Amino acid sequence: MIAVAESSRPLLAAVATYGLLGSAHEFPNAALEDAAFDQLLDEATTQRLTGALVNSIASGRLPATDAQAERASDAHFAALCHCLELESLLLHVVGALSEHSIESRVLKGSAAAHLDYPDPAQRTFVDVDLLIRSEDFDRATALLTSHGYRRTVAEIRPGFDRRFGKGCTLTSAAGYELDLHRTFVTGPFGLTVRLDDLWADATPWYLAGDKKLLALGREQRLLHACYHAVLGDREPRIVPQRDIAALVLSDDLDEVRVRELAYAWRSEFVVAKAITLAWRTLALADETALTAWAKRYRPDPRSEHAFATYHVDHANYAARSWASLRALPNTRSRASFLYSLAFPQGGVIGGKPLPFVRRLMRAGQGLRADR
Amino acid sequence: MSGEYGRAANVLWRNAGDRVLLRSLDHGGVVSLEGSGTMLWELLAEPISFDAIVAAMSRHYAIDPEVVREPVATALDDLKRANLVTFNEHGAAAGETPPVSLTAVQLPAQQAAEGTGHGKPAGPSRAGVSPRARAAEAAQ
Chain H
1 MIAVAESSRP LLAAVATYGL LGSAHEFPNA ALEDAAFDQL LDEATTQRLT
51 GALVNSIASG RLPATDAQAE RASDAHFAAL CHCLELESLL LHVVGALSEH
101 SIESRVLKGS AAAHLDYPDP AQRTFVDVDL LIRSEDFDRA TALLTSHGYR
151 RTVAEIRPGF DRRFGKGCTL TSAAGYELDL HRTFVTGPFG LTVRLDDLWA
201 DATPWYLAGD KKLLALGREQ RLLHACYHAV LGDREPRIVP QRDIAALVLS
251 DDLDEVRVRE LAYAWRSEFV VAKAITLAWR TLALADETAL TAWAKRYRPD
301 PRSEHAFATY HVDHANYAAR SWASLRALPN TRSRASFLYS LAFPQGGVIG
351 GKPLPFVRRL MRAGQGLRAD R
Chain A
1 MSGEYGRAAN VLWRNAGDRV LLRSLDHGGV VSLEGSGTML WELLAEPISF
51 DAIVAAMSRH YAIDPEVVRE PVATALDDLK RANLVTFNEH GAAAGETPPV
101 SLTAVQLPAQ QAAEGTGHGK PAGPSRAGVS PRARAAEAAQ
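Order-wise, the sequence lines are chains H and A.
Per our numbering, the very first residue in the first sequence carries number 1; after that it's consecutive.
Per our numbering, the very first residue in the second sequence carries number 1; after that it's consecutive.
Take the hints with a grain of salt, since some may be wrong.
[To be verified] One side of the interface only, derived from the structure: several residues of chain A facing chain H at Cβ under 8 angstroms:
id : residue
1  : 9
2  : 10
3  : 14
4  : 15
5  : 16
6  : 17
7  : 19
8  : 21
9  : 23
10 : 25
11 : 43
12 : 44
13 : 48
[Unchecked claim] Once the Cα atoms are required to be at most 27 angstroms apart in a straight line, the calculated DSS-like pairs of lysine-lysine come out as:
id : chain 1 : residue 1 : chain 2 : residue 2
14 : H       : 295       : A       : 80
15 : H       : 212       : A       : 80
16 : H       : 212       : H       : 166
To be clear, the hints were calculated from the coordinates, so they are not data collected in a lab.
Just so you know, these numbers come straight off a predicted model, no measurement behind them.
Where is the CB? At the ideal position from N, CA and C, for every residue including glycine.
With these hints in hand, go ahead and build the complete structure from the sequences.
So, in structure tokens, the structure goes:
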């Protein structure tokens with residue numbers, strides 16, 4: 001038996017490589033002690049990696065006792081039940097939107113599971129993410145609200161989400177979470193995504209027999225996974241990195257198109273950072289032209305400053321808003337953005353009330369001082 | 001019985017190791033198939049007659065077809081009533097039936113265990129079709 005490690009994250013990263021060839025990660029040669037295994041199982045559940053954990057045990061890569069294997073199987077069973085409930089909700093929501101001529105694209109979760117993994121059971125998820133066109137956003141939110149969904153946070157000002165926001169989170173009556181996206185992330189990197197590019201391609205797949213759904217094109221899915229991996233959480237999650245590996249190692253990926261999109265969206269730094277992070281986390285040996293480019297890439301100061309607003313210790317909503325202001329294309333949109341933040345109506349900004357402008361100016365000064 | 005069984009169109013499902021999880025869009029709740037139930041689901045991927053199912057199960061588990069017929073018929077009936085499986089009589093569409101709780105239906109455990117030859121006997125807790133009421137709770 002192997003004793004408790006300080007963190008099960010390195011082993012979890014090894015587990016996440018299930019289905020990928022060429023990882024240098026090693027597995028223990030004997031079953032973990034129960035406490036260590038339970039820690040691994042907890043993290044696998046939190047990181048939505050129960051599928052990879054169960055498969056790693058079943059394939060013999062990760063030694064486990066029968067009881068441990070049973071606990072992992074039970075956790076995966078629960079995760080998959082949740083996924084099926086979410087896919088039922090997904091079909092209901094997409095159907096309702098479609099009836100009102102509102103187009104959507106499924107992001108992450110179910111789309112990744114069905115399109116980017118050989119077995120959708122390996123990729124679990126905890127919510128539904130849908131991309132909606134900016135011009136349809138208010139209508140989509142109103143429609144779903146009329147169907148019983150509730151916004152978790154009120155809009156800052158009418159029209160803010162449609163113009164500047166990432167989107168909004170709704171919850172169903174049963175408590176399931178539905179994220180409506182207009183773009184990928186809040187802040188400067190969300191504002192420079194060329195939204196038309198997101199709708200330029202679509203990848204179809206089918207659920208429950210003949211129910212057709214559309215996801216982003218493969219290259220756009222990779223860029224989204226990159227945003228998710230390095231801008232989504234303070235401590236990068238492993239699942240989006242695993243998504244990145246699956247997409248980058250896919251034979252059908254157009255690497256030139258990926259770089260063109262990243263350049264056009266001013267997100268080369270995000271993409272390079274995410275790919276190198278995924279390769280390091282998963283200890284992958286295989287190199288592609290894209291991974292070689294990512295390792296060579298050196299960011300410009302503006303990208304570094306924008307990136308810092310998502311990560312540095314003093315980062316807060318105001319600092320990111322300041323960087324967002326600089327990413328907006330013209331004076332009119334900057335004025336409108338600033339006005340919305342300064343005079344919100346019923347919304348919550350970064351969990352704190354006004355005075356906002358003062359904090360925004362302070363954040364701007366802080367960012368300038370960092371240069 | 002002249003006709004073919006198949007998976008209902010309104011079903012979401014996942015393979016989960018030695019289980020298959022099914023969720024009908026027509027009513028809530030996740031149903032778990034285990035053991036021989038997973039094989040039954042595999043067989044239903046394409047329209048298939050009752051006799052063909054019995055023959056395949058009988059062959060796989062090395063059990064007399066007459067022993068297999070009744071549990072397979074009961075399992076199919078349960079799945080049909082839960083809107084997870086359809087039965088199309090030749091020349092006629094299957095009618096919708098109201099959902100009911102699945103009841104445990106098992107192949108004779110001893111014979112199945114002796115006959116599989118796959119190392120993991122299809123014992124009473126794994127063979128056949130069983131409801132997993134805790135599935136819905138676990139999903140919350």
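Structure versus earlier hints, numbers of those that do not hold, lowest first: As far as the earlier hints go, 11, 12, 13, 14 are violated by this structure, in ascending order.
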